[in-house]
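The listed protein sequences derive, respectively, from chains A and B. Note that this note's numbering has the first sequence beginning at 1411, numbered continuously upward. Note that this note's numbering has the second sequence beginning at 1411, numbered continuously upward.
Since the hints were made in silico from the structure, they are not lab data. Some hints here could point you the wrong way.
Heads up, the list lumps identical chains together, so a pair's fine if it works in one copy or across two of them.
[To be verified] Lysine to any residue pairs mimicking SDA-like chemistry, simulated, CA-CA at most 25 Å apart:
| id | residue 1 | residue 2 |
| --- | --- | --- |
| 1 | Lys1803 | Asn1415 |
| 2 | Lys1904 | Arg1455 |
| 3 | Lys1598 | Asp1442 |
| 4 | Lys1903 | Arg1535 |
| 5 | Lys1802 | Thr1424 |
| 6 | Lys1903 | Ser1517 |
| 7 | Lys1676 | Ser1651 |
| 8 | Lys1802 | Gly1641 |
| 9 | Lys1903 | Glu1431 |
| 10 | Lys1725 | Asn1915 |
| 11 | Lys1803 | Asp1777 |
| 12 | Lys1920 | Ile1910 |
| 13 | Lys1781 | Phe1897 |
| 14 | Lys1446 | Phe1432 |
| 15 | Lys1626 | Asn1650 |
| 16 | Lys1904 | Asp1824 |
| 17 | Lys1678 | Pro1528 |
| 18 | Lys1920 | Ser1511 |
| 19 | Lys1904 | Asp1835 |
| 20 | Lys1904 | Gly1637 |
| 21 | Lys1903 | Glu1654 |
| 22 | Lys1456 | Gly1814 |
| 23 | Lys1602 | Lys1738 |
| 24 | Lys1738 | Thr1424 |
| 25 | Lys1507 | Asp1594 |
| 26 | Lys1920 | Asp1537 |
| 27 | Lys1438 | Asn1811 |
| 28 | Lys1803 | Pro1894 |
Protein chains: 2
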Amino acid sequence: MSTNNIFFAINPATNKPLHGEFVNASSKQIDDAVNKATAAFNSYRKKDNQQIANFLEAIADEILNLGDALIEKCNLETALPIARLQGERGRTINQLKLFASVVKEGSWVDARIDTAMPDRVPIPRSDIRQMLIPLGPVVVFGASNFPLAFSVAGGDTASALAAGCPVVFKGHPAHPGTSQMVADAISKAVKKSGMPEGVFSLLYSNSNEVGEALVKHPGIKAVGFTGSFRGGKALFELANSRPEPIPVYAEMGSTNPVFILPRALKEKSKEIASGMVNSISMGVGQFCTNPGLSFVQKSEKTEDFYKLLNTDLSKVSAGTMLTPTILKTYNAGLKNIATFENVEEIAVGLVDNSEGAISRIFKTSMDNFIKNKQLSEENFGPSSVVVEATSKKEILDAARNLEGHLTATIHGTDEDFEEYKELFDILELKVGRILINGYPTGVEVCHAMVHGGPYPATTAPNSTSVGTNAIKRFVRPICFQDYPDAFLPNAIKKENKLNIWRLVNGNLEK
Amino acid sequence: MSTNNIFFAINPATNKPLHGEFVNASSKQIDDAVNKATAAFNSYRKKDNQQIANFLEAIADEILNLGDALIEKCNLETALPIARLQGERGRTINQLKLFASVVKEGSWVDARIDTAMPDRVPIPRSDIRQMLIPLGPVVVFGASNFPLAFSVAGGDTASALAAGCPVVFKGHPAHPGTSQMVADAISKAVKKSGMPEGVFSLLYSNSNEVGEALVKHPGIKAVGFTGSFRGGKALFELANSRPEPIPVYAEMGSTNPVFILPRALKEKSKEIASGMVNSISMGVGQFCTNPGLSFVQKSEKTEDFYKLLNTDLSKVSAGTMLTPTILKTYNAGLKNIATFENVEEIAVGLVDNSEGAISRIFKTSMDNFIKNKQLSEENFGPSSVVVEATSKKEILDAARNLEGHLTATIHGTDEDFEEYKELFDILELKVGRILINGYPTGVEVCHAMVHGGPYPATTAPNSTSVGTNAIKRFVRPICFQDYPDAFLPNAIKKENKLNIWRLVNGNLEK
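Isolated chain A, as found in the complex (with noise of 0.2 Å):
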């Protein structure tokens, strides 16, 4: 552990410390969560359905229970206004409420019933019933840019206690007031609905040390993480090379490319330049699926759609962003970007904030694209570039040529989508999720959504941060073959006590 043991929150809108210190949680504190969250599993995995879901609706209503003071802290340490983080507690608490309704219905355990063929020639069959059930205690580590929904309480902690794994939490410390307050909110609900008290813990830290040795840590079982490329895939590599391997789940972010197709560039560039800059800009562009790339094929329209998403950008004020750190890594990303020949700016933000983001848009060919690999890579904030293609054939390459990436979107008429067919075909195979004539940032939290995608978008593209499936990140399927049925758990017992559906024989019934 760093010797230099406190650190305090910054608000960025001044770069100054606020009051309060945090220590940078010591081996042993380690090591205690992780025993802690060891033995509550244990009790933790046999709650029944109603108990784990008024443990998570108990949460949800301690982190409301926190009123204003939790936003107003919240925004001291994050710079994201008021009514974004009241957003963002909406969004946090039904993720959670959500996660409840999934886990009282119970068909998400996927049971399977084959019943036993006693008179079965030449063998007889047993009784054989699988289902799934939770790993263990799982690491989660917060990501900055949403300080509430992927935090302390947010899809991933939410998806590990849904599963029925306790979570040990790796604090983010670009906002730890706002963690402690959440974690005392989880730790009142605990108490409340009765819950072991390891379920839960968070550990504080502002270096890599705590969250290193939380994934080398033997009683941890999986790793949840929203954050950078980099950070995602140190601990990826930490983890596979542990004595047992565990999964990482780690979401890495991506550039989101946008195809904008010709006809809709001519129907609706004003409309399209609108939604591009809102997405762009949209929170300072510290968002994950922000659109950081877009492709047009260059027509006599191109130049038209430049100038309106400068008309647009223009009124776009220069936003605190979460960190110093992250403002001055944007900048850096700016400042590089200048560097490459035939990149050119095209549009750009307000400048009427000296500590702020300037939202910027720039402009290159494909071939300038192709040559640069670096263009394509991700600036985290308010810029993007667009890249223009001179034929078909240039688009549809540009797409084959995509690593992995969470989004993909695809602006375009009736008549673009029969003439760019192939494109539908190439991007399914690059991305989790794509949009047709939308924007990639706002990711609804449901059933269908998939907020995952190929590395290195994600370093497991078999599974979604966001949405009820989720939750199937932190389960593995057990069988149990001609089990005494007092033994069984309830989803796979003879009679269907939790009227939940079951796959018997090939067949789902309820």
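Position chain B against the provided structure of chain A, taking the given hints into account.
Using the frame of chain A, we list chain B on its own:
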């Protein structure tokens, strides 16, 4: 590639090469196979349910069409008895047909639809749809011990093809002739079903280089493997070190601990001894689920039990193992066990075949077992270690100290189960399948089977390599937002044309 490019199958019964030479795949052949698979993927993944089901059924038919010639070739190459191979062929064919039925039914894609809410405030909800799609070309490694059911047209191939993934198969050098015949049968089925040529390729090799090159090839998107811990772990590390890491589904065997509780030992020692001996020696012990370890609690009945084991085992012939190397490794393992102090041989099979593997059962104390970790390791073949505990606590502690295994088995009476309740809980966290009063060998191919388990039994505890759920290894979810209906896959179009189960706004419906 090795300069010594040619190899022959060895008849393990004579230790002599069989007629027919095989050539190690060259770099060019590897590249060609993967590139063809990649090209085939584009059309194969668009085939409809019925087409893929027909293809799987055609493979089954063509294998059956090979007639006795296949069984005879396989018997020569593996020394597995004709009757066993006929049974294994049946299993292979039924497995293909079971996957065909899953594909035909269609619900396995986990279709999820959240319909648009254009009037929702403050933000409308988009139309959001999710389903599973295939990952791309998969490399599958054949196992030596199931030359049909876990080889060329075995479970990994069947589930990958069912998922919509082309397969490049790395044939096991212990049965190249069998592999060739089955690959030819698949080729016929490819032609008859109108499938793209590259959807399946077989590559020969008697070294690790071909497999390594396949796993490193950027066109490969997942790995299926059944074999040794060393082999599986090496591929896992290789796959994770790629620029784009890919999932490795390696089933690496285990010792499948059996717990024989006191009352069961008292009341059913004869039946259990005979069952254990059968399970230990069946197929010359060459099963991943072979019970290599059992725990009993010392009582006035244990000595009788050991005598019964010896009585039964003394009638078991020394069988020919799959390859001379496997026999050598087995005998080295036996020698190694003999070097431990306080390890006693309590049962031995017939010494009736100087080239065969002699079945042996050893006994040791719990103390000694804990001191010598090697005693808990798999010795592939017909040997097993009985560990004698002195108390219930020792039994439970032994269970707690287990690593991950494919299976665990409990033999007990109802009273035993009451007394050893905790054992059930402990084992749930250690294995993929728990059997009551049965024997772990014999893995039913059905919907509820889990042939998997925590590391080091597998590299992917969240999966099974046997049973219909195996299809889920080779897919990932994708989400379509506000898609034109015509461009959606059939499974998630507005109209439920496939008549599959879909989760619509959280409710499962047809």
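Going down the list of hints, with the structure as the test:
| no. | hint | verdict |
| --- | --- | --- |
| 1 | Lys1803 to Asn1415 | neither (56 Å within a copy, 43 Å between copies) |
| 2 | Lys1904 to Arg1455 | within (21 Å within a copy, 38 Å between copies) |
| 3 | Lys1598 to Asp1442 | within (20 Å within a copy, 61 Å between copies) |
| 4 | Lys1903 to Arg1535 | within (18 Å within a copy, 38 Å between copies) |
| 5 | Lys1802 to Thr1424 | neither (48 Å within a copy, 64 Å between copies) |
| 6 | Lys1903 to Ser1517 | both (14 Å within a copy, 24 Å between copies) |
| 7 | Lys1676 to Ser1651 | neither (53 Å within a copy, 45 Å between copies) |
| 8 | Lys1802 to Gly1641 | neither (37 Å within a copy, 46 Å between copies) |
| 9 | Lys1903 to Glu1431 | neither (51 Å within a copy, 54 Å between copies) |
| 10 | Lys1725 to Asn1915 | neither (62 Å within a copy, 39 Å between copies) |
| 11 | Lys1803 to Asp1777 | within (13 Å within a copy, 71 Å between copies) |
| 12 | Lys1920 to Ile1910 | both (6 Å within a copy, 16 Å between copies) |
| 13 | Lys1781 to Phe1897 | neither (63 Å within a copy, 33 Å between copies) |
| 14 | Lys1446 to Phe1432 | within (22 Å within a copy, 57 Å between copies) |
| 15 | Lys1626 to Asn1650 | both (10 Å within a copy, 17 Å between copies) |
| 16 | Lys1904 to Asp1824 | between (52 Å within a copy, 18 Å between copies) |
| 17 | Lys1678 to Pro1528 | between (67 Å within a copy, 20 Å between copies) |
| 18 | Lys1920 to Ser1511 | both (18 Å within a copy, 21 Å between copies) |
| 19 | Lys1904 to Asp1835 | between (44 Å within a copy, 19 Å between copies) |
| 20 | Lys1904 to Gly1637 | neither (44 Å within a copy, 36 Å between copies) |
| 21 | Lys1903 to Glu1654 | neither (32 Å within a copy, 42 Å between copies) |
| 22 | Lys1456 to Gly1814 | between (38 Å within a copy, 21 Å between copies) |
| 23 | Lys1602 to Lys1738 | neither (44 Å within a copy, 62 Å between copies) |
| 24 | Lys1738 to Thr1424 | within (15 Å within a copy, 73 Å between copies) |
| 25 | Lys1507 to Asp1594 | within (19 Å within a copy, 55 Å between copies) |
| 26 | Lys1920 to Asp1537 | within (19 Å within a copy, 28 Å between copies) |
| 27 | Lys1438 to Asn1811 | between (47 Å within a copy, 23 Å between copies) |
| 28 | Lys1803 to Pro1894 | between (63 Å within a copy, 23 Å between copies) |
Comparing the model with each numbered hint stated earlier shows that hints 1, 5, 7, 8, 9, 10, 13, 20, 21, 23 do not hold.
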